[in-house]
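Participant: Residue numbers (the working numbering), protein chains in the order written: chain A, 18 to 517; chain B, 6 to 164.
These are calculated hints, taken from the structure and not from any lab test.
Think of the CB as a built atom: it goes at the ideal place given N, C-alpha and C, for glycine as much as any other residue.
Hints are all accurate, no fakes.
Label-pair ranges, simulated between beta-carbon atoms:
1) B/E119 / A/P32: 25 to 35 Å
2) A/P449 / B/Q66: 38 to 48 Å
3) A/A74 / B/M6: 31 to 41 Å
4) A/V58 / B/E119: 31 to 41 Å
5) A/M284 / B/M6: 50 to 60 Å
6) B/Y28 / A/G267: 43 to 53 Å
7) B/E138 / A/R170: 52 to 62 Å
8) A/L115 / B/E138: 41 to 51 Å
9) A/D53 / B/Y28: 13 to 23 Å
10) B/E119 / A/S153: 49 to 59 Å
11) B/L72 / A/D144: 48 to 58 Å
12) A/V58 / B/M82: 24 to 34 Å
Partial pick of chain B residues on the chain A-facing surface, computed with a CB cut under 8 Å:
13) R15
14) I17
15) R20
16) T21
17) S23
18) A24
19) D27
20) Y28
21) A132
22) D133
Chain by chain, the residues run as shown.
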Amino acid sequence: MKSYLPSVYVVERDPNRCIQCKVCVNQCTFDANYFDEEEGVVKSHEENCVDCHRCVAFCPTNALTVRRNPLEYRTNANWRAEVIEDILKQAETGGMLLTGMGSDKPYPIYFDHLLLNASQVTNPSIDPLREPMELSTYLGRKPERVEFDASGRVKTPFAPQIKIETPIMFSAMSYGAVSLRVQQSLAQAAMELGTLWNTGEGGLHPSLAKYASNTIVQVATGRFGVHSEYLRAPQIIEIKIGQGAKPGIGGHLPGEKVTDDVSRTRMIPMGTDALSPAPHHDIYSIEDLRQLIYAIKEATGYTKPVSVKIAAVHNTAAIASGMVRAGADIIVIDGLRGATGAAPKAIRDNVGIPIELALASVDTRLRQEGIRNQASIVASGGIRSSGDVAKAIALGADAVNIGTAALIALGCHVCQQCHTGKCAWGICTSDPVLTKRINPELGAERLVNLVRGWSLEVKDILGGMGVNAIESLRGNRLHLRGVDLTDTEMDILGVRMAGS
Amino acid sequence: MKRVFVNIDRCIACRTCSAACDYSHNEHRPTIGYGELREEVRLPFICRHCEEPACLAACPQGAIKKLDSGAIKRMNMLCTGCGSCAVACPFGVIEPEVRSYVISKCDLCASRLEEGREPACVMACPADALTYEEADEIAQNSVMIGSSMKGRHPFFRRV
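Pulled out of the complex, with its shape left as it was, chain A reads as follows (with noise of 0.2 Å):
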């Protein structure tokens, strides 16, 4: 049957302007712009535009423009357009709606609702021009006190601790996800940051063993690529339990995008569906949790910290005081708007709760059981600026994981086409052509730029509030106050109102 839906955007063509170089058909993956050889001009197929921007990002003449088109629906505050368009398309193909990236649903974002501190003459505020600051945090379980010996040396034994120059670090994207340019422009920034970033579960890539350094290396449900030379290559394991736009779902890397490279990476045959189970199938409690834990302890002899990666969900605080009894000496909570590369539309945007409030309750639970200092918590899924940064610390995160916002430093627009494997950026894609469009050099000059920024606006803000490390804004909710927010939203936020 012929498809009702009527194109989203419209792609307007300034005739004035336009030269018909084809530089727009040339870049468009999505055959959105061509070329009609009998008139000699450029034409759009409106209807497969999905508004990436890279035609008009690209065009020399800047004669083109995107724009949402017009067209309305009968006003219906129940039957939206978008709620209308999903049936129709669901109506046409009988299968499920898949989408990328993470939830564009407006559910509250509560960082937009609270408010950090500043020093006024009662307290002086410190200048980071001039006085050092202190970024650096150690992730990793810390003893309950430190004791010290006569000559003043500390007599206490740690256990493994991975010293980040800066608490902000890149988000699991698996290569065959994201192409292996973009996991060198990472793994490079990583490397020159001081910080870490992560394989994802797809394997480690031989040609990336030189970041070992700054690596965190994933055991999924798969287990794709994890080997013994694997688990002794990076700083830190992680395991992953959930992830925040997909939770108790998992994963599938269509057999296509299963390339030669990405098929010796991930031990698997060329051409094979990579199919990633919804559950760990040796997981099924906490103590099984534990196991799998320690195995991975004693396969690395006790020398790097284990961390456990959940999707924020209902009893996030009791199944992180679980984790952490069960050995994880890194805990790293994925919220509702976390991204992914493909998910089912109905659980991207349905399933799990915000970042804030989960960080909020785990931190709260684990301080109030006195277990709060055996594993430092990671904090990930919509983390947009420094500000963020600075206010999932304040609310107990120990570090935050970037990762749509690293992906749009190098160029992502957020078209959410990441499932299609057609990424006019070359970010999201196996296909060899459009991979070119991301140079790692390039890319990582611009992440390290970015954190860079982040970490600079992250010293103005301590520097404002007259503390010179992290470490003092750290779990400080005293250094928050919430607008707009209800009685119970705050109760849980654990901040008070502002005003107060």
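Following the hints, position chain B against chain A.
Facilitator: Chain B only, in chain A's frame:
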């Protein structure tokens, strides 16, 4: 002399340089061609401004001249569009298509250089693949491709 160099690791074959070349030369439309070797190597063909230009030797009208700056310039009024230069060029950078009885030929954006700006293709490149610089500068940390021919190496690869 300064030339336009192509970093083949960075070029994404978007042809923005070609478009920029096009609209900055309204009258004669010099064009930049493209070559693709497998999927990895793709590069624009830009005039190398050879030290011993074959096009100059081949032109029966004497329309191609070497300027003091080293740039190879085609004198439009003399060109008859016979295409000899396009046939003679060992690098295929001269577009053989005949337009308005003149052959398209890179002039290194002479008018832009006078204003102190870089050639249009270099300014337009979104991937930082094109550079306008001295051959010696670029030789220090890259591998030339085609460097066996003296002074004829506009492609390089970072090492």
